[in-house]
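A.B. asks: Next come the chains, spelled out residue by residue.
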Amino acid sequence: DTAVSQTPKYLVTQMGNDKSIKCEQNLGHDTMYWYKQDSKKFLKIMFSYNNKELIINETVPNRFSPKSPDKAHLNLHINSLELGDSAVYFCASSPPGGFHEQYFGPGTRLTVT
Amino acid sequence: AQKVTQAQTEISVVEKEDVTLDCVYETRDTTYYLFWYKQPPSGELVFLIRRNSFDEQNEISGRYSWNFQKSTSSFNFTITASQVVDSAVYFCALSKGSSGSARQLTFGSGTQLTVLP
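Protein sequences, first through last, are from chains A and H. Per this note's numbering, the first sequence starts with residue 7, numbered consecutively. Per this note's numbering, the second sequence starts with residue -19, numbered consecutively.
If we strip away everything but chain A, and leave its shape as in the complex, we get (with noise of 0.2 Å):
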């Protein structure tokens, strides 16, 4: 049993083109992440939402929404791509408070030609 899933796992795409990441966790946690993995290897937080509400909206393009439609639910919508988007993209998700360690989705290889 998968914990957190994401799909696709691979995405290429052209610039402009608008394309959607979905994530779903099935361990009944309450907050869910989006972060960045750029080309070396940094990563960095995007969003996070917690029972559907948006807790951090880090400085990110406004191209980039995140919706989710329910607490399992955290699916991440990018319009209008640019070169510069092409990451890999990781869902994750915790129970609620810093204490808890975040479990992570196997990934989202963005390319954007």
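Hints listed in this document are in silico derivations from the structure and should not be mistaken for laboratory results. Small disclaimer: the values here were computed from a predicted structure and weren't measured. Ideal placement from N, C-alpha and C gives every residue a C-beta, glycine not left out. One should not assume that every hint holds.
Below, simulated DSBU-like cross-link-like pairs (lysine-lysine); rule was C-alpha separation at most 30 Å, straight line [said to hold, decoys possible]:
hint, chain 1, residue 1, chain 2, residue 2
1, A, K50, H, K76
2, A, K47, H, K50
3, A, K73, H, K76
4, A, K77, A, K15
5, A, K15, H, K18
6, A, K50, H, K(-17)
7, A, K46, H, K18
8, A, K46, H, K(-17)
9, A, K58, H, K18
10, A, K47, A, K58
11, A, K28, A, K46
12, A, K42, A, K15
13, H, K50, A, K50
14, H, K18, A, K25
15, H, K(-4), A, K47
16, A, K46, A, K25
17, A, K47, H, K18
18, H, K18, A, K42
19, A, K25, A, K73
Using C-beta positions, here's what the derived DEER-type ranges look like [claimed, not checked]:
hint, chain 1, residue 1, chain 2, residue 2, range
20, H, D(-2), A, E88, 41 to 49 Å
21, H, P21, A, T117, 13 to 21 Å
22, A, K46, H, S54, 17 to 25 Å
23, H, T52, A, P75, 39 to 47 Å
24, H, K(-4), A, N85, 46 to 54 Å
Put chain H on the given structure of chain A with help from the hints.
C.D. replies: Using the frame of chain A, we list chain H on its own:
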């Protein structure tokens, strides 16, 4: 502002050697949490350990051990008798401990460990 520094970008060792990965952090919070994650070549992020700021007890888990020292703001990770399967990128991360439901992890830049046969 929080910051995590992993000064060692890449480390290469021969199998069975011991290796220590350094992690230095900065935070103004008195309550915080430190983590280590492993990212093997397959790409997933695997949780290894969590430590809170009030618990300076070192921990050993098999070949892995962690040394937390508040006085030097360090949380170092040692692998004893390294194996080829330990080859991965290792990330140190810091989370605030203040109340609230969602706390972002601030990651270090990672250390690429290569264990040669």
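A.B. asks: The structure should be examined with respect to each hint, and the outcome stated for every one.
C.D. replies: Hints, one by one, checked against the model:
no.	hint	result
1	A:K50 - H:K76	holds, 15 Å
2	A:K47 - H:K50	holds, 27 Å
3	A:K73 - H:K76	holds, 25 Å
4	A:K77 - A:K15	holds, 21 Å
5	A:K15 - H:K18	holds, 19 Å
6	A:K50 - H:K(-17)	holds, 12 Å
7	A:K46 - H:K18	holds, 16 Å
8	A:K46 - H:K(-17)	holds, 17 Å
9	A:K58 - H:K18	holds, 29 Å
10	A:K47 - A:K58	holds, 28 Å
11	A:K28 - A:K46	holds, 24 Å
12	A:K42 - A:K15	holds, 14 Å
13	H:K50 - A:K50	holds, 25 Å
14	H:K18 - A:K25	holds, 29 Å
15	H:K(-4) - A:K47	holds, 27 Å
16	A:K46 - A:K25	holds, 23 Å
17	A:K47 - H:K18	holds, 12 Å
18	H:K18 - A:K42	holds, 16 Å
19	A:K25 - A:K73	holds, 13 Å
20	H:D(-2) - A:E88: 41 to 49 Å	holds, 44 Å
21	H:P21 - A:T117: 13 to 21 Å	holds, 18 Å
22	A:K46 - H:S54: 17 to 25 Å	holds, 23 Å
23	H:T52 - A:P75: 39 to 47 Å	holds, 46 Å
24	H:K(-4) - A:N85: 46 to 54 Å	holds, 51 Å
Every hint from the earlier list agrees with this structure, and none is contradicted.
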